[in-house]
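Protein chains in written order, with the working numbering: chain A, 2 to 194; chain B, 4 to 308; chain C, 11 to 663.
For the record, the hints were derived by calculation from the structure and aren't laboratory data.
Among the hints, a few may not be true.
With a straight-line Cα cutoff of 16 angstroms, these simulated EDC-like cross-link-like pairs (lysine to aspartate or glutamate) come out [unchecked claim]: (1) C/LYS351 x B/ASP189; (2) C/LYS351 x B/ASP169; (3) C/LYS291 x C/ASP343; (4) C/LYS427 x C/GLU463; (5) A/LYS184 x B/GLU108; (6) C/LYS190 x C/ASP343; (7) A/LYS184 x B/ASP111; (8) C/LYS208 x C/ASP170; (9) C/LYS477 x B/ASP222; (10) B/LYS244 x A/ASP150; (11) A/LYS184 x B/ASP107; (12) C/LYS242 x C/ASP326; (13) C/LYS477 x B/ASP189; (14) A/LYS62 x A/ASP89; (15) C/LYS144 x C/GLU463.
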Amino acid sequence: MNDAIVITQRDTVFMKDVDAQSSQKVSACYQCGNCTAGCPASFVYDMQANQIMRGVQLGLKEAVLNCRSLWMCLSCSTCSLRCPNSIDVAAVMETLRHMARRQNRITVPNVEKFWHSFLDTVRVCGRTYEIGVMALYILRSLRVFTDLDLAPEVLKKNKLPFMPHVVQNGGAAAIGRIMRRYKERAEREGVRP
Amino acid sequence: MKTTVAYYPGCSAHGFSVDYEKSTQAVCGALGIRLNDIPDWNCCGSTPAHAVDTELSAALCVRNLDNAVKADANELLTPCPSCLSNLRHAAKRMEDPRFRARVDELLDNPAPAVFPEVISVMQGIARRFDANALAERVKKPLKPLRLATYYGCLMSRPAEIMDFGDPENPTLMESMLTACGAEVVDFPLKTVCCGASFGIPERAVTARLSGRILALAADMRADALVVACPLCQMNLDLRQKQAEHAADAIFAMPVLYFTQAMGLALGVPPGRLGIEKLRVNANGLIDKIEAAASGSTAPVEGSRP
Amino acid sequence: MRIGVFICHCGSNIGGTVDCAKVAEKAALFPDVVYATDPMYTCAEPGQATIESAIAEYRLDGIVVASCSPRMHEPTFRRTVERAGLNRYMLEMANIREHVSWIGKDVESNTNKAAELVAIAVAKLRGNTPLHSKSFEVNKRVLVIGGGVAGIQAALDCADGDIPVVLVEREATIGGKMAKLDKTFPTVDCSACIVGPKMVDVAQHPLIALYALSEVEEISGYVGNFTVKIRKRAPYVDWDKCTGCGACSVKCPSKKTPDAFNEFTGVTTAIKVAFPQAIPKKAVITAAHCRQMSRGKCGVCAKVCPTGAVNYDMEDVIVTEEVGSIVAATGYDLMDWTVYKEYGAGRYPDVITSLQYERLLSGSGPTCGHIRRPSDGREPRIIVFIQCVGSRDRSIGRPQCSGFCCMYTAKQAVLTKDHLPESQSYVFYMDIRAPGKMYDEFTRRAVEEYGVEYVRGRVSCVYPDGKGAYSVMGVDTLLGRPVEITADLIVLAVGIEGSRGAGELAEKLRISYDNCGFFMESHVKLKPVETNTIGVFLAGVCQGARDIPASVAQGSATAAKVLGLFARDRLENDPQIACVDMRRCVACGKCVRCCPFGAIEEVSVRDEQKAHVIETVCQGCGLCAATCPQGAVQLAHSTDNQILAEVNTLCRY
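Build out the structure end to end from the sequences listed, making use of the hints.
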């Protein structure tokens, strides 16, 4: 026998969960593919947007939540704008990404590392600053040569301040508290912060 | 009701888009629009926050909105479409009481009931100066320039949140630049994504997407792309070499902020617009404008290699 | 009164969730009920026989049937009781299927509710009195609105059945959309060549009066006796004198007039005959573009006309026609395709509609049948067809399939290859809907013999690539990949809607229409050409998407309905109408003003003004009865007393 997907063994509640969390109706998708046709990131997707929608419809939870595409989505929402069935596909993608993260399914770690590097600078300074994000990201991803080619230009144009711009008057601390509460709540609820 | 404006510069204003900030301040100054920073403003969380959690993203935004309310503002201007999108999304999502309760848990004090309206600086200028009013203030018309406008994907989408005109074909920037005397091309890719925040983690994506936009602008014989987003500007300008490399082509396309283009038209000295910060040299454009303004009829060559 | 009650099982449709025997048992105890039973299928022959024999055996003088909606079978049971010697209006129905068994599963509740509905029906029946119809004469003439192929067929078939026809066409020529098409699927025969002779038949038929460039202004009356006001728009040419020679348009200096017949793919002269095979073949002036009429100086056409037919001072004329029946065959228009901003619809010149492409293919079109791009007149090499533009798109409120786009797209792709052998066509489709005779075979030929490349997926956007062509960003969902095509010309298969002004016409005809402007038939399956206004019939696409053979068939079907209606010399009205109690009437005139049918007039009775119902015009809607402050107007069989009896009965439960 071939390795056909036994669709009778699908996860029948998956689509309902996705519908509920995204406030969308995935069953309205009739597979025209418009989302894929307009997706600027489709060329780095392992599962195209319409295939993800189909996967959700069929309850192929493993395949969908483990796919790389969730992490490569640019959130440009072209798919949502042009969906003939008015499905907010970008919201479905974001919902799936949140679901995957909460279950510690990090298929493209570098993207998440970048996000965390960004949020770490915000946590400390209240604002983000590029050198800090880059440094943290390089540390996390071990991608030492990331954007090294840009360095001479950036330095020449004096575009990136080396010192962080810290929010004054206790603002930075306030942001720190928001981040702490968020992290504590996530841990309490057993999801990945 | 009297309109009290607050200003949210966004983090990049103090970083790689310092030229956007400079030119925004210069243009608003020239037009008499006072930009008072929200006291103590913080990062809106940008893409990483909402990619991780919408409640966290909203909490970061709401703190800014709260501070704006405390400063008695009922209109909030921001130059950055990403900040605009996050702030507007947060305000919208807070209409859901359950969402609001979850966000309040993260904040020091509960969010105010009513938020100021958040609009882009571009809209803020347009509300106060229609095309005629702008045209009256133009000192150096951008007549010799053929410009392609680029809004990026966030400014007009989703339409029901952003309320920025036709999401497929916004035209606000065109009307402003036309008022400044420029020839504006009907640029079809004006709302197609440039690669957004993937410039760092997945630069190949950004190089290819930006390359497409730059190539079309070049094919349409635009003298420059005019943008309204710090991230788009970085991808199209600072990373233009990466895009050229990916496309195996030379674009040499200056990428100006719309405030820089407007500033030139309003007669603001280029030094106050941060033009020198652009990676792709835009001095040729300035020469053309100056030549036209001083009545010189000699064609200026060499503005684009 | 001796009442018989029949509780229908409708097989398991009602019997499955209603205890019919129990309902009958309860009904037997209701006032005046002397007999109650529960047949399996009351509408079937044995069921009807049960009613007839019960009427005889128990000397019944009123019948209640509790079954389905009266919409379908009330006429059936009226005939049944009539056969058994009762007045046909001594029948009431209780709907225990749509209102009970189909909407609830709890047998006990359903049984109780069914019994209550039967009790109401019994209470109402007790107030019924025998009613008798009035008969009136039928004016055996028919009005056909719309001269497309469906209207032409209806007109010709009626006229061949010796019925005089008034055919009203809004445009300057009949022929409709079919006259604009180059070829027809699946035979690829010339559209104008097959509809042309039918158009000529219309012109030559002695029983057809054709009003072209005309619109229905006002309709009053009722089946058998409609009065129709028709506005004949001024063509500024005396058609009695015009010979259609065309000398005027040759000399007309205003050559930039938008050409509506060619779907604005080209320009034409301000005075012209619509197209060479036009019926009537008469010239018309487009006033807005005529130099004489807009600027007051020119007059060239008047000078060159050999018969002196041009008359710039002509005005619209209203004519009145009396007819007994009306056929609406108003066809369709393309939906507003410019909402597709992502395709640059209306923004980029080489993104055109399928109907525009039809004109480019046509030998009588602006390019004489040579396919050329509107932007630069170049022959396209790569042509992309996008289907379902404005169909199956809920996001713009067009969820329905437009029916014939799959087939004409295949046809256009085949013709493209015939015209331009070096060309390559791509068709973006979601599903190929080709259920007609030889239809699917035709689409396969397009692929296999003509090399048309079908790509399964929608297109996200189209934009100019800066080098004179267009990038079409699509997807091949079978491949699971986005695909991009650099195309020279893009043809959008634009979805359809009821023709411009369909809603206003529907209101004049007092028929229903849906939110896309399509007229509603009386019953989707069993009365597909009738409407809810008796005597008004529907033919062609005005009712919903259909292709040419189906439109022609429906045109003939309406003719059969008209001929059937006119087979009788007199018609009977429905006597369930309003009547005025003269003693109570204070002549306030409220009923006269609220009647949507103009069925109430004020008459003088012994020097007093009183309201009076014109029995053959009243439709029994009851607005007047509800409006009358004196309770003077009562609707037969829905009198205030009967309604109160129903309410009182229900309140007892």
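Hints and how they fare:
1. C/LYS351 x B/ASP189: holds (13 angstroms)
2. C/LYS351 x B/ASP169: Status holds; Cα separation ~9 angstroms.
3. C/LYS291 x C/ASP343: Violated, because 23 angstroms separates the two Cα atoms, which is more than 16 angstroms.
4. C/LYS427 x C/GLU463: holds (12 angstroms)
5. A/LYS184 x B/GLU108: Given pair A/LYS184, B/GLU108 holds - Cα atoms ~12 angstroms apart, limit 16 angstroms.
6. C/LYS190 x C/ASP343: With Cα atoms ~13 angstroms apart, C/LYS190 and C/ASP343 stay inside 16 angstroms; holds.
7. A/LYS184 x B/ASP111: holds (15 angstroms)
8. C/LYS208 x C/ASP170: holds (13 angstroms)
9. C/LYS477 x B/ASP222: The given pair, whose Cα atoms are some 7 angstroms apart, holds under the 16 angstroms limit.
10. B/LYS244 x A/ASP150: holds (9 angstroms)
11. A/LYS184 x B/ASP107: Cα-Cα ~15 angstroms, so holds.
12. C/LYS242 x C/ASP326: Given pair C/LYS242, C/ASP326 holds - Cα atoms ~6 angstroms apart, limit 16 angstroms.
13. C/LYS477 x B/ASP189: The hint holds at about 14 angstroms.
14. A/LYS62 x A/ASP89: Judged against 16 angstroms, a Cα distance of about 19 angstroms means the pair is violated.
15. C/LYS144 x C/GLU463: With a Cα-Cα distance of about 65 angstroms, the restraint between C/LYS144 and C/GLU463 is violated, given a limit of 16 angstroms.
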